[in-house]
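Using the sequences and the accompanying hints, generate a full structural model.
First to last, the protein sequences are chains A, B, C and D.
Here this note's numbering = 1-based position in the first sequence + 173.
Here this note's numbering = 1-based position in the second sequence + 173.
Here this note's numbering = 1-based position in the third sequence + 173.
Here this note's numbering = 1-based position in the fourth sequence + 173.
One thing to keep in mind: the hints can contain errors.
Copies of the same chain look alike in the list, so a pair counts if it fits in one copy or across any two.
The calculated EDC-like cross-link candidates involving lysine to aspartate or glutamate, where the alpha carbons are at most 16 Å apart (straight line), are [as the list claims (entries may be wrong)]:
#: 1; residue 1: K380; residue 2: E337
#: 2; residue 1: K431; residue 2: E386
#: 3; residue 1: K409; residue 2: E383
#: 4; residue 1: K431; residue 2: E233
Honestly, the hints are just simulated from the structure, not real lab data.
Since we're looking at a predicted model, the values are computed, not measured.
4 protein chains.
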Amino acid sequence: MESQKICEGDYVLLYLDQRRTYLVRVESGKTFHTHKGFVNFDDLIGRAYGERVSSSLGVEFIVLKPLLRDYILKSIRKTQIIYPKDIALIIMFSGIGPGSRVVEAGTGTGALTTALAHYVRPNGKVYSYELREEFLKAAEKNIKRAGLAGFVELKNKDVTAGIEERDVDAVVLDLATPWLIVPRAYVSLKPSGTMISFSPTIDQVVKTVEALEAENFVDVETVECLMRGMQIARGKTRPQTLMTAHTGYITFARKALKPA
Amino acid sequence: MESQKICEGDYVLLYLDQRRTYLVRVESGKTFHTHKGFVNFDDLIGRAYGERVSSSLGVEFIVLKPLLRDYILKSIRKTQIIYPKDIALIIMFSGIGPGSRVVEAGTGTGALTTALAHYVRPNGKVYSYELREEFLKAAEKNIKRAGLAGFVELKNKDVTAGIEERDVDAVVLDLATPWLIVPRAYVSLKPSGTMISFSPTIDQVVKTVEALEAENFVDVETVECLMRGMQIARGKTRPQTLMTAHTGYITFARKALKPA
Amino acid sequence: MESQKICEGDYVLLYLDQRRTYLVRVESGKTFHTHKGFVNFDDLIGRAYGERVSSSLGVEFIVLKPLLRDYILKSIRKTQIIYPKDIALIIMFSGIGPGSRVVEAGTGTGALTTALAHYVRPNGKVYSYELREEFLKAAEKNIKRAGLAGFVELKNKDVTAGIEERDVDAVVLDLATPWLIVPRAYVSLKPSGTMISFSPTIDQVVKTVEALEAENFVDVETVECLMRGMQIARGKTRPQTLMTAHTGYITFARKALKPA
Amino acid sequence: MESQKICEGDYVLLYLDQRRTYLVRVESGKTFHTHKGFVNFDDLIGRAYGERVSSSLGVEFIVLKPLLRDYILKSIRKTQIIYPKDIALIIMFSGIGPGSRVVEAGTGTGALTTALAHYVRPNGKVYSYELREEFLKAAEKNIKRAGLAGFVELKNKDVTAGIEERDVDAVVLDLATPWLIVPRAYVSLKPSGTMISFSPTIDQVVKTVEALEAENFVDVETVECLMRGMQIARGKTRPQTLMTAHTGYITFARKALKPA
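Okay, structure coming up:
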């Protein structure tokens with residue numbers, strides 16, 4: 174069983190309440206400053222996850238072990254990240270799991286890359302294409318922080334020029350012109366492999382679906398997912414007041430072989 | 174790389190169109206009957222996934238490699254199964270992945286069990302409790318069919334009497350009275366571990382959230398997820414006409430340690 | 174105060190339960206047949222609305238006074254009708270009320286026409302264009318049944334050839350090519366008047382919005398409305414299982430005058 | 174036909190763009206200040222609705238005739254107002270129209286009252302109960318501004334003590350404890366009349382539905398309405414990013430007479 178003692182160098186999630194959580198790296202001799210006082214990392218080292226630690230102002234934080242979702246939501250961002258709800262569906266639709274070989278484009282700041290890497294462990298691999306170097310740097314930091322660098326190959330290459338990998342299980346697209354990559358995805362995928370595209374606009378979806386149908390993709394399906402939080406309290410239970418109304422559409426397809 | 178040739182004993186997905194897909198086991202010398210004629214399994218053996226096969230009536234089916242989602246949607250059912258959209262969120266919220274040790278209750282017909290097992294491979298384990306033997310039998314078939322029996326321990330025991338496992342990463346509940354299991358889940362979970370409950374009614378959610386708050390769970394959150402399909406066709410693009418309006422609420426929490 | 178006694182010739186709503194309601198015309202000496210026995214209309218005449226009447230099999234029906242929504246939902250249909258939720262929003266967005274003069278195209282089977290007529294009473298008017306005669310006949314029956322024929326002028330004319338009315342308060346479009354009618358609507362509307370279009374597809378909406386912006390319409394807005402029923406019962410409260418996922422988009426605009 | 178010239182004392186909607194609209198009263202010799210310069214009301218008087226007027230900084234505003242929805246959205250607020258989408262459904266479900274007599278409780282700041290008054294004109298009446306005087310004052314201003322004071326009787330009385338009106342067509346409740354008013358509504362309603370309640374929480378709905386079923390109400394139905402805006406632009410069409418996730422549930426019922 175994995176040790177639950179907090180060690181120097183670990184990332185921990187300091188939890189005050191649902192709106193105030195901090196993903197920080199434990200460094201001996203250092204402190205973390207919040208508006209509720211500072212936390213001494215030395216107070217954490219050797220303690221168990223799930224314990225409470227007091228700040229200099231006597232406010233209690235709970236020290237949690239970060240989950241995949243925390244790494245995603247706390248990504249260093251250079252751009253809009255994909256939401257966990259959409260990542261969850263992309264993972265499910267793609268069919269990937271431990272051992273899968275996956276191509277992703279573009280990397281962005283690596284939120285989806287992190288999730289893909291999490292699930293393909295320990296013997297799969299994510300090949301992630303991104304042209305913009307400043308994104309790649311942020312992505313690399315985010316992926317390292319989640320301890321997943323060993324499962325990702327970041328490629329500073331133009332995916333429209335071609336995908337180098339062959340016989341991959343899934344191609345996942347989160348870029349402005351997915352329809353241009355569809356023929357590249359077809360070549361890269363193993364037969365019966367899956368292609369998933371995430372796009373905010375209807376126009377992108379229409380072009381992508383047309384491109385999928387022009388190649389030999391089948392089972393083409395587009396969905397959107399709305400997640401609504403609930404405020405649960407006896408006598409006052411109700412859905413939350415505001416929600417994200419739209420993030421993007423998820424389009425799924427499977428590679429069939431061309432008729433003989 | 175995994176072989177892509179279809180072998181005797183493989184499960185394949187025969188795809189005619191989006192509404193007509195069949196999850197079948199390839200058995201030499203046998204046939205599969207559809208209303209579009211029968212398919213000879215001998216025509217499939219040795220062929221590649223993604224190829225087409227003709228039925229006795231000359232109708233073409235595409236032979237796809239089943240994905241997790243196919244195994245879920247094609248489960249032998251004794252009861253309502255959880256939808257892939259909810260399973261996807263449960264997986265994401267739970268934080269589980271390769272190597273996780275997970276307790277599930279109840280097994281039902283094993284749709285969620287199958288998904289949990291898929292993601293904890295190759296070195297994790299799902300301990301799944303179910304009292305009703307007829308469900309366990311169906312679940313066992315579904316899990317075996319997906320090739321995941323090695324990652325699941327089915328337990329014909331009453332989870333309200335206690336969870337035997339300790340220091341598990343996540344407890345996932347899909348049963349009528351989740352609030353009764355919350356104290357058991359607290360004991361079974363490792364510190365900072367996650368608890369997820371799926372319930373169709375508000376009343377179940379309120380009782381469960383109250384039980385979580387009575388124990389030392391934090392970061393308690395309840396959401397529901399609506400997935401809507403899109404009909405994509407240039408000049409005729411629109412959301413689908415009918416949708417599943419409600420499946421259930423997903424409640425998430427993390428175990429904190431009791432204050433000293 | 175309006176008399177509440179049921180009279181020969183009245184339309185009544187026979188209510189058994191929420192799924193079994195019947196909009197029928199009371200005719201002395203006649204009966205209405207249901208699978209729960211027949212109801213003698215003579216048993217109704219002179220009775221009060223809200224009372225119960227027994228069928229020949231001893232099953233009780235409640236005799237309700239039909240509401241606008243009943244007339245809409247029980248329309249004789251030749252085509253898909255607009256749902257009350259969408260009609261409600263169209264009425265609200267259009268700003269119409271007692272006294273308004275409204276142009277509608279097309280009439281269809283008159284569900285929306287009936288609602289418009291209901292709200293413009295007693296001194297407003299609805300001018301409704303429809304080319305297809307079989308629709309007009311059904312519409313006429315539906316409007317008469319609701320007692321609103323005096324507030325509607327049905328016009329068997331091609332609205333793409335022009336709208337004859339001038340200085341109307343609102344133009345309401347529910348037809349396949351609303352963008353073609355936008356310039357006609359502009360001419361017909363009084364300054365600051367409103368235009369509303371209802372369309373199922375995104376493509377129709379995009380073309381219509383472009384046409385509105387090409388004319389001097391302002392405050393252009395498109396929405397869609399999702400209505401979800403709730404199953405309310407202590408201990409078992411939850412949203413309904415199935416819902417209508419999409420009916421159509423409502424586009425709203427106001428006529429500004431062209432710059433001098 | 175109603176004159177379209179702008180007169181001293183009229184309320185007008187100055188429209189800059191969708192986010193910047195101002196509901197103001199035209200007063201000769203005065204000006205209206207915006208961050209885009211001031212508008213001289215004397216420049217408006219005698220002009221037609223729909224025309225453009227320039228501010229002192231040369232920015233053009235369009236002068237629109239306010240619609241019901243504008244009066245609602247621009248209400249002087251002392252409390253959360255009901256959204257137009259919900260008001261629209263309440264109007265539709267209630268079945269009211271020109272000539273209806275309606276009881277409302279509570280008045281709040283009069284947004285729903287304004288809408289009810291708009292639709293019952295010219296020969297109906299709204300009787301609106303409100304205990305809190307500061308709300309009544311704001312409501313009175315809002316209703317006067319919309320020119321609807323003649324159709325509303327504001328009653329500074331406790332509705333839980335009883336409804337004074339009899340044989341009304343509809344009772345509309347928007348208060349914290351609707352279930353307490355249900356027996357009062359039953360007595361006040363004419364047979365077959367309608368009761369509508371608007372409540373933010375599930376708990377209120379459950380209690381109200383139970384109260385309705387305890388009295389002789391039938392056809393009890395609860396819905397919620399989600400409205401989502403669309404961003405329409407060729408090549409960039411998509412739903413809006415944020416939306417109101419929840420306002421309240423609408424519960425509808427009809428009064429049946431008690432069995433003999």
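Taking the hints in turn, this is what the structure says about them:
| no. | hint | result |
| --- | --- | --- |
| 1 | K380 to E337 | neither (24 Å within a copy, 41 Å between copies) |
| 2 | K431 to E386 | within (12 Å within a copy, 45 Å between copies) |
| 3 | K409 to E383 | between (47 Å within a copy, 13 Å between copies) |
| 4 | K431 to E233 | between (62 Å within a copy, 12 Å between copies) |
This entry does not satisfy hint 1, going by the numbered hints stated previously; all others are met.
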